[in-house]
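**Q** So the chains spell out like this:
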Amino acid sequence: MTIKSALSTSAFSRRGFLGVAAAAASVPLLAACGGGSASQGAGGTIKFWDMPWGPPAYSDLAKKLTESYVPTGSLGKASYQTIQWNNFYQTFSSAIASKTGPALSTGGGFQAFQFAEQGQIAYADNVISKLKQNGQYNDFLPGTIESQNTDKGYVAVPWSQGPRVVWYRKSLLDRAGVAVPTDWKSWLEAGKALKGIGVSAFGIGAGAGNVFGNQNLLSMMINNGGGLFNEDGRPDVVTDRNIEAMEFVREMVSLGLIDPGAVSYTLDNLSSQWKDKKIGMGWYAPGLPESTGDTSGDLQVASPLAGPHGDKGTVNYIGSIMMYKNTPSQEGSEAFLLWYLGQLKEFWKQDVVGLLPVQQSIVDLPEFQKNKQNVQIIKEWQSVGKPFGTKSPRLFGSLAAVDGGQALSQFAQTMLGARADAKTALTDLQKGIESVTK
Amino acid sequence: MTTTTRSLARARKGVGPGGASGPAGTARKQSTLSRQTGRTFAFLILPSVLLLLLINGYPLIYAGIQALHNGNLLDTGAFVGLDNFSSVLSSEPFWKAARFTLVFTLVGVFGSWLIGLALALVLRTKIPANGLFKVLLLLPWVVPIVVSSTAWNWLTATPTSPVPALFNALGLGTPLFLADPTLAAITVCLFKVWISFPFMMMMISSALASVDNTVYEASSMDGASKWQQFTQITLPLISRSTYISWILMTIFCVNDFPTIYLLTGGGPVDATTSLVVLAYRMVFQNFQTGPGVAIAFLMTMTLVIVSVVLYRQIRKSSTE
Chain A
1225 MTIKSALSTS AFSRRGFLGV AAAAASVPLL AACGGGSASQ GAGGTIKFWD
1275 MPWGPPAYSD LAKKLTESYV PTGSLGKASY QTIQWNNFYQ TFSSAIASKT
1325 GPALSTGGGF QAFQFAEQGQ IAYADNVISK LKQNGQYNDF LPGTIESQNT
1375 DKGYVAVPWS QGPRVVWYRK SLLDRAGVAV PTDWKSWLEA GKALKGIGVS
1425 AFGIGAGAGN VFGNQNLLSM MINNGGGLFN EDGRPDVVTD RNIEAMEFVR
1475 EMVSLGLIDP GAVSYTLDNL SSQWKDKKIG MGWYAPGLPE STGDTSGDLQ
1525 VASPLAGPHG DKGTVNYIGS IMMYKNTPSQ EGSEAFLLWY LGQLKEFWKQ
1575 DVVGLLPVQQ SIVDLPEFQK NKQNVQIIKE WQSVGKPFGT KSPRLFGSLA
1625 AVDGGQALSQ FAQTMLGARA DAKTALTDLQ KGIESVTK
Chain B
30 MTTTTRSLAR ARKGVGPGGA SGPAGTARKQ STLSRQTGRT FAFLILPSVL
80 LLLLINGYPL IYAGIQALHN GNLLDTGAFV GLDNFSSVLS SEPFWKAARF
130 TLVFTLVGVF GSWLIGLALA LVLRTKIPAN GLFKVLLLLP WVVPIVVSST
180 AWNWLTATPT SPVPALFNAL GLGTPLFLAD PTLAAITVCL FKVWISFPFM
230 MMMISSALAS VDNTVYEASS MDGASKWQQF TQITLPLISR STYISWILMT
280 IFCVNDFPTI YLLTGGGPVD ATTSLVVLAY RMVFQNFQTG PGVAIAFLMT
330 MTLVIVSVVL YRQIRKSSTE
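If you read the protein sequences in the order shown, they are chains A and B.
With our numbering applied, the first sequence covers 1225 to 1662.
With our numbering applied, the second sequence covers 30 to 349.
I should point out that these hints are in silico values taken from the structure, not numbers from a laboratory.
Cβ coordinates follow ideal geometry from the N, Cα and C atoms, glycine included.
Hints are supplied without guarantee of correctness; some may be wrong.
A short, non-exhaustive set of chain B residues, derived as facing chain A with CB atoms under 8 Å [stated by the list, open to error]: (1) ALA158; (2) ALA186; (3) THR293.
Under the rule of at most 27 Å between Cα atoms (straight-line distance), these lysine-lysine pairs were calculated in the DSS-like manner [to be verified]: (4) A:LYS1573 x A:LYS1287; (5) A:LYS1569 x A:LYS1301; (6) A:LYS1409 x A:LYS1603; (7) A:LYS1647 x A:LYS1409; (8) B:LYS125 x A:LYS1662; (9) A:LYS1419 x A:LYS1301; (10) A:LYS1499 x A:LYS1603; (11) B:LYS125 x A:LYS1647; (12) A:LYS1655 x B:LYS163.
Based on the provided sequences and hints, a complete structural model is requested.
**A** This is how it looks when you write it as structure tokens:
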């Protein structure tokens, strides 16, 4: 039987074929017009999207916890999904726009503020009230819950924090014959000794995708009582304190205390430098020993350094859980969030998260107390930590464009590559921040 | 007129062997038939057209709307006319990125073409393990870009990386290939050539395979030198493939995001920021959708113009 004859004898008529084709073509159209989870009833599943905040064991535990949630009454159960960091903002944006997004999520540091300004966030004021009622509110460490407050209400509830702290490698400081620096002056002196043994005194990197360059330089500014914004929430970068801090960085670059290749170091490069004992000191997030695989105790946390005027400080990123308006039941979202906050201790009990807790009860856990570095960070650094938009009375959405944006990374590369003096680089940064926050 | 030519002429006129059944009747029948056939074809292609409109047309129109507004990924924002285009065209980063894109594309297209051509000519000769070499030479094109960019980063990023260490051992200092703006730009361009030459090699190899060896034999008998054979026979005969490969590689280079972003992220200090990287940063890092999409539109327009010019060259070379 030839193809032609097969077609002619088939019951599949031309009209039938056109009908099927039209139906197939309309599938995407119908899908695009779908209602998403908003159309579900009050008992619909609460979708919780989470970022990979630790090794795979973190996501496994978070999924297990979420799926073990037993709602009361007619409220819906919860489902868990990990969202990768790559292009996460697009993932959230497109899902929210098509009403297929989550009911709750963790996410970027300023994601809740961004989506709140776009009218997509369900404010967490009810949850905060309930936390106050049941006494859990006082369990939160100072400054953590307040960081999520805006003029319209709480955009999210904090669950973790990640202050940038100064780490040092004890064996290298010993080899260089210097004590752990306590201020910038002694850091400079220690740096010269470290350079003598071929080691960098300020481990940093501003290459592709590495935000430590931006964050570390901002930490230096905050350490000197500076920051990127003024009390009115406007960009205010070219200040005496910031200039002084960046001149200190320039001095370290010119003295060769900062690796000249740092300008292009990716996170992997920076991690390798720490691991290969090429870095004696530097700013990093909590969990450096785990990141580098060196948990011998040689990598230790320094006490907050004092700037030239005696200021101490660093940038502290607060991780939060936010609720979205697109939910089968706001009551269900709030119930799940309150329940989940009570389960957070499991992450630190099982040591599967790379961040620090925001609740005192978790800090007090014996499992957490075993990690001396993390305990020291909570004890000494948490109190001097400032939010990214410090001096501004409130955080806001466009901080996301500043934190991960072009202006700050270009500024870090300019500073580390010694391509401009501090004031010029800060002036360019001011313009860059103004362009994305206007 | 012979029988064959007559029948051919009849066939061209659409007249069957039995002769015409009258001019008016035939024309009417043919007209009805062609209307029916046209309608059937229209119905048949309708689903495909609808799909194409959905897949390509909708995003294009939506992007066009975004380019004329000052919104973000969730909200279209206020209509600003051509402000995004004028602000982009008057900004320094755009022209810096445009310059780098031009250099990156020129080096990427012609660098990979030259190496691909040379290797294709070498592989045309009878060398031992020819097939093995072909496979090995294809590897840079085949290996996922994430793997090759990681490898290049490992080779060049730090002072103790193999390539800077080699330079140091040779007494040439310790160049920081990704930290110095000029060296970073050169490294990114070389990386592009490295991953692209196998494609060019394959295109040219297939074109060379269609060139008859007797042409070379005849020219040898006429006393043509190897160089004359290359310039007067080889290049003209593969010109069609060459232009096609240039068009494709130009599009690959201009639209190439991962090569640059994975190796340098567009840095240091924007030295390797191409237009596509700049557009990405505008939209997804600075959350300025309008200007970012405007850049993408400008890129598309430029690519269309370049493609049309090169396509005309192809047609010209076909008619010569």
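**Q** Work down the list of hints and note, for each, if the structure agrees.
**A** Results for each hint:
{"no.": "1", "hint": "ALA158", "result": "violated (36 Å)"}
{"no.": "2", "hint": "ALA186", "result": "holds (5 Å)"}
{"no.": "3", "hint": "THR293", "result": "holds (6 Å)"}
{"no.": "4", "hint": "A:LYS1573 x A:LYS1287", "result": "holds (16 Å)"}
{"no.": "5", "hint": "A:LYS1569 x A:LYS1301", "result": "holds (21 Å)"}
{"no.": "6", "hint": "A:LYS1409 x A:LYS1603", "result": "holds (24 Å)"}
{"no.": "7", "hint": "A:LYS1647 x A:LYS1409", "result": "holds (21 Å)"}
{"no.": "8", "hint": "B:LYS125 x A:LYS1662", "result": "holds (24 Å)"}
{"no.": "9", "hint": "A:LYS1419 x A:LYS1301", "result": "violated (57 Å)"}
{"no.": "10", "hint": "A:LYS1499 x A:LYS1603", "result": "holds (26 Å)"}
{"no.": "11", "hint": "B:LYS125 x A:LYS1647", "result": "holds (23 Å)"}
{"no.": "12", "hint": "A:LYS1655 x B:LYS163", "result": "violated (52 Å)"}
Checked against the numbered hints listed earlier, the structure breaks hints 1, 9, 12; every other hint is satisfied.
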